[in-house]
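A.B. asks: Start from the sequences and build out the full structure, keeping to the hints where you can.
Quick note: the sequence shown, position 535, residue 535 per full-length UniProt numbering, numbers continuous.
Note that these hints are calculated values from the structure, not bench results. It should be emphasised that the depicted structure is a prediction, and the values quoted were computed from it without experimental measurement. Keep in mind that the hints are not guaranteed to be accurate.
[As the list claims (entries may be wrong)] As a list, the in silico DSSO-like pairs of lysine-lysine whose alpha-carbon atoms are at most 27 Å apart:
(1) Lys258 to Lys327
(2) Lys1076 to Lys234
(3) Lys896 to Lys935
(4) Lys544 to Lys492
(5) Lys761 to Lys604
(6) Lys819 to Lys327
(7) Lys234 to Lys508
(8) Lys429 to Lys361
(9) Lys298 to Lys819
(10) Lys508 to Lys522
(11) Lys801 to Lys819
(12) Lys429 to Lys254
(13) Lys31 to Lys44
(14) Lys231 to Lys254
(15) Lys508 to Lys429
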Amino acid sequence: MCSTAFSQVNVSGTVSSEEGELLPGVSILIKGTNTGVITDIDGKYSLNGVPADATLVFSFVGMRTQDVAVDGRAVVNVTLQMSAIGVDEVVVTALGISREKKSLGYSVAEVDGDNLQKVAQENVLNALSGKVAGVTINSTGGPGSSVSMVIRGASSLTSDNQPLFVVDGIPMNNTLNNVSSIGRDNKPDYGNAISDINPDDIESMSILKGPSAAALYGSRAGNGVVLITTKSGKKGKGLGVTVTSNTVIDNPYKYLEKHTLFANGQRPFTQENRPNNGLDYYAVPVGDSYWVGPELDKGMMAYQWPYFNENGQLTATPLVSHPDNYKEFFETGFTTTNTVAINNSNEKVDYRLSYSNMQNKGIIPNSDLHKNSFGVNTTVRLLDNLSVSTSFNFVSNGADNRPSTGNRGTNPLQALYDINSSIDINDLKNYWEPGKEGIQQNAPYNLEVNNDGTYGKGDAINNPYFIANEVNNSFRRDRVFGNARIDYEINKDWSLMVRYTHDQFQEKRETKIAPSYTGDAKGVYGLENLYRREQNADFLLAYKKTIENWSFNASAGGNYMYQFAENNLSATKDRGSGLIVPGVYNLGNIAPDNLRYSSGMSEKAIYSIYGLASIGYKDAVYLDLTARNDWSSTLPEENRSYFYPSASLSILLNNAIDLGDKVSLAKIRGGWAQVGNDTDPYRLMATMGRSGLWGNQIELTTSGTLLLPDLKPEIQTSWEIGTDLAFFDSRIRFEGTYYEAENENQILNIGLPPSSGYTGKQINAGLISSKGIELSLGGRPVQTNDLDWDVNLVFSKNRTKVEELADGFDYIVLWTDAKGGAVTRVGDEIGQIVDDILVRVDDPTSPYYGWPIVDNEGWDDADNWENYMEPGDNTAVIGNFNPDFLLGMQTSLRYKNWTLSASLDWRVGGQFISQTFRYGESDLHSQRWIDRTLKLNNMTGAEMAQYLKDHADQYLSPNGEFFVVVGGPTAEYGGLEHTEDGITLHDGVFMPGVEGYYDDNGKFIMVAEHLGGEGTPTIRFQDFYGWSYSRNAMFDADFIKLREISVSYQLPPLTKIGIRNASVSLYSRNILLWTKAGIGIDPETAFQAESGTQGSGIQFKQGIERYNVRPWTIPVGVKLNVSF
1 MCSTAFSQVN VSGTVSSEEG ELLPGVSILI KGTNTGVITD IDGKYSLNGV
51 PADATLVFSF VGMRTQDVAV DGRAVVNVTL QMSAIGVDEV VVTALGISRE
101 KKSLGYSVAE VDGDNLQKVA QENVLNALSG KVAGVTINST GGPGSSVSMV
151 IRGASSLTSD NQPLFVVDGI PMNNTLNNVS SIGRDNKPDY GNAISDINPD
201 DIESMSILKG PSAAALYGSR AGNGVVLITT KSGKKGKGLG VTVTSNTVID
251 NPYKYLEKHT LFANGQRPFT QENRPNNGLD YYAVPVGDSY WVGPELDKGM
301 MAYQWPYFNE NGQLTATPLV SHPDNYKEFF ETGFTTTNTV AINNSNEKVD
351 YRLSYSNMQN KGIIPNSDLH KNSFGVNTTV RLLDNLSVST SFNFVSNGAD
401 NRPSTGNRGT NPLQALYDIN SSIDINDLKN YWEPGKEGIQ QNAPYNLEVN
451 NDGTYGKGDA INNPYFIANE VNNSFRRDRV FGNARIDYEI NKDWSLMVRY
501 THDQFQEKRE TKIAPSYTGD AKGVYGLENL YRREQNADFL LAYKKTIENW
551 SFNASAGGNY MYQFAENNLS ATKDRGSGLI VPGVYNLGNI APDNLRYSSG
601 MSEKAIYSIY GLASIGYKDA VYLDLTARND WSSTLPEENR SYFYPSASLS
651 ILLNNAIDLG DKVSLAKIRG GWAQVGNDTD PYRLMATMGR SGLWGNQIEL
701 TTSGTLLLPD LKPEIQTSWE IGTDLAFFDS RIRFEGTYYE AENENQILNI
751 GLPPSSGYTG KQINAGLISS KGIELSLGGR PVQTNDLDWD VNLVFSKNRT
801 KVEELADGFD YIVLWTDAKG GAVTRVGDEI GQIVDDILVR VDDPTSPYYG
851 WPIVDNEGWD DADNWENYME PGDNTAVIGN FNPDFLLGMQ TSLRYKNWTL
901 SASLDWRVGG QFISQTFRYG ESDLHSQRWI DRTLKLNNMT GAEMAQYLKD
951 HADQYLSPNG EFFVVVGGPT AEYGGLEHTE DGITLHDGVF MPGVEGYYDD
1001 NGKFIMVAEH LGGEGTPTIR FQDFYGWSYS RNAMFDADFI KLREISVSYQ
1051 LPPLTKIGIR NASVSLYSRN ILLWTKAGIG IDPETAFQAE SGTQGSGIQF
1101 KQGIERYNVR PWTIPVGVKL NVSF
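C.D. replies: This is the structure we're talking about:
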């Protein structure tokens, strides 16, 4: 007889992480004994003489300890999982100082690089959506487009409210000078510069939300700080190579709805009484006709573009619809990203080299993006107490064409949307007229009959294929950034860090617009060159000491920052004489009097000193104090110096009193801070700029803004309180924060009367207040050797108000557009959207209370929305572009080697205006305007009136948010009988309302009902599209997005063929998208990038969408990761 209890085996195997990385230094013990080993550099171990029924205990820092039964096996391979976030988690804080999160008195969010890299993103900021409480991400849409990141809401009325980005200690220029304007209505979006960061190189990202966390970064930290730490060679000992390959296919699937019911029309139009200009058949006009024409698919013959057959004969063809026009224009998108990284680490040297290549072909024809990045990080330990670290990064980012997709003009999406469904888009693919290649686009035009009976071309619209292929906006941005750092440990208590950082990029933008574009018929050419450089030199002397129950940490340092910027632009003038020789694109082909030129240069410097001290007692109480003083070159000498302090306190109740072993962490915290914000260069005294030519002489002029020579910095003061809780070995976690902030001395531009000789004046005034709440709840409900489930929820809500402005000014205009605007009055929340007021009966004693007041022709009466600016009148506020709250969820489910991960983003509340719908309805392209009319043409006039009175609660909106129209474009679609020019039509509509006036006592006196009964005037359907009301194109901005979903499989270690780990993933982005508006437009794209700066016409216009209507796509991606 024998027993396994007395048999022994020699056990060997490998230990790896969930990501498949082989782990050196893992401890393996035979449970109940002191016998054990650690894994070698390749994650391998070997343990002899192990009882066959023993249990092995695997443990590693940051990983969950696992007990694994041997069961007589000779090979035991183990995958260790990341432990639930522990109370001893270390995060990166200001100046790159690593601190235990439990000791901090303010909110810091840490996002692991692996979490950012599960699903490939061209811009790493997109990967943060829905993952961090208090952070709002907006994008103009499409690969390489601008992405806005706002932390805890807007804090300034004149800045872009973007945080400071610091990569390995290098402050990164994230310029928002991202939109160029060469050519009429040509505004391509070149993206913001943070997209130069390669997501595959990121180790972790820390978001310092409030001034308490960011105060040590000074005047640049008022909007928060994002600290990015990149990967180094320290992670694994020995030489290693990692190859990562991502391939994503973008398949368009949901398109903007457009009606396919009618051809374009002329006025007036019926089948029997159509204008024919002497032609045998009706000639269908193209473009924005504003009138409904004949119905499609009814067997009618008509002359329609391209009018002539292959023999050049004018030929009538059936009027049929082409419902797939929009769909057929788009292509399948394709993106590949390949990264190779080499890392090594030994006792003296750590290094990591990486190269990445990204190639993108967009869903819009002839759109692309490409990026190459190279990086090297090294650390050399010269002595036991002396090390030198360097980093160098080179990124080349560019495109052969960036389509202009956020405006009209050269936007191919607008050109596509303007094509009526009666035109077959396949007739447009050959976009040059035969024999006129390079000179004249093959564009839909109106047929004209000349006096001699010949045919001519009338007004034309742009061919979307011509716009996509012959409006080329190319760019290339070459960026270099890096640092050199010396760390010297003077003794066990004192250390010194000295560092130099450098970030610069040069960007060249070139625009070529071929002749026959309707905005610039003779062609356009332009060059724009931008250069930015920032240099920083800093030092930090640090002291640390522990005396019994007390811990002391103190640092003092200084920083010198220098910025230089230069830009030059040369191009044809808008609506000028174009190019001398069509198709020759160089500056020498532009006539001197048609050349516009601009240039600019700026310099800025800030000198800073700062200090911080942290005192801890019994690992239960931590007090942090910081102070910083800046001297800015952009402020006058008497205001150049400004000081700001911060203080925060953290109390660990679980360490101060016995709360039991179920409580892992019970912390309360609070902080107070003050930070400053200076201004841009040259805002103290007038500078000269070129304004044009006087004959052959160059004209110079000063700015139209009267500057303020004693300008003061903006000052933001804030405080926050919060709690962090963890239970059951941190398997349940909660964080909550409440904060308030005030930003005073806002640097504003206010208007002046023309008689002053200036258009505006710069002042220090205003007070902006904000408050909000951030909540995070997470945990690991399931935790076994084979199965883990992690889930995390984040919630945030922020409100920002304008408390004060300058004397005599009660409001500030953020932007105007779409007959309305974003205007905030003192006492109101930032983001208010205003509109004209539909005047309604406001006499509550009247039976017509709430009905619109109309004139004797049936037209409505409107008070201009500018009345909103008058004190006491707030009826013009129709919405706010800020959400009520944000909710995000991330979850990960692992079963053995399989992992399913997902990220959900939910935004509730807020509104936006769609210029696409507004123009589409006025041009009668939209299906919605036909559907939304009330169809009562089967009733008599009296029955209509009674029906409307009986259902008044459905159609009345006393606050003027919308109105209803009765009728339609044809009798079939609800149109009422209507007479025009002696022709009886059936396209009449009317807006229910009443005609009347108020007597001296304010009582409404009805003169006539306009409810469909006798005497109700009708108006042509096309004439009543509500053009003057933004609210007709305003929609709720609520949405739910399944931002990311991925399924990955971790292959077993293949050490025999040199593969340390390998994994493969299948993933998608935004595969589920629900919007409350339901109109086929993503509310997140209601975010316009504009040229200029925030202080002179806001650069990012939130709350308005303008032909940014790419179809929704289902990206399907495959990721392969292999380490050798």
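A.B. asks: Please go over all the hints and tell whether each is borne out by the structure.
C.D. replies: Comparing the hints with the structure gives:
In summary, the hint linking Lys258 to Lys327 is supported, as the alpha carbons are separated by about 11 Å, within the 27 Å threshold. For the proposed pair Lys1076 and Lys234, the alpha carbon gap of about 48 Å is over 27 Å, so the pair is violated. With a CA separation close to 61 Å, the supplied pair Lys896 and Lys935 exceeds the 27 Å bound. At roughly 8 Å between alpha-carbon atoms, Lys544 and Lys492 fall within 27 Å of each other, so this suggested pair holds.
Restraint check for Lys761 and Lys604: satisfied, since their Cα atoms lie roughly 23 Å apart, inside the 27 Å limit. With a CA separation close to 31 Å, the supplied pair Lys819 and Lys327 exceeds the 27 Å bound. Restraint check: the Cα-Cα separation between Lys234 and Lys508 comes to about 37 Å, which exceeds 27 Å; the hinted pair is violated. The straight-line distance between the Cα atoms of Lys429 and Lys361 is roughly 19 Å, inside the 27 Å bound, and the hint therefore holds.
The straight-line distance between the Cα atoms of Lys298 and Lys819 is roughly 38 Å, outside the 27 Å bound, and the hint therefore fails. In summary, the hint linking Lys508 to Lys522 is supported, as the alpha carbons are separated by about 24 Å, within the 27 Å threshold. Under the criterion of a C-alpha separation no larger than 27 Å, the hint pairing Lys801 with Lys819 is consistent with the structure, at around 24 Å. With a C-alpha separation of about 22 Å, the suggested pair Lys429 and Lys254 falls inside the 27 Å cut-off, and the hint holds.
Restraint check for Lys31 and Lys44: satisfied, since their Cα atoms lie roughly 19 Å apart, inside the 27 Å limit. Simply put, Lys231 and Lys254 have alpha-carbon atoms about 39 Å apart, too far for the 27 Å limit, and the pair is violated. The straight-line distance between the Cα atoms of Lys508 and Lys429 is roughly 30 Å, outside the 27 Å bound, and the hint therefore fails.
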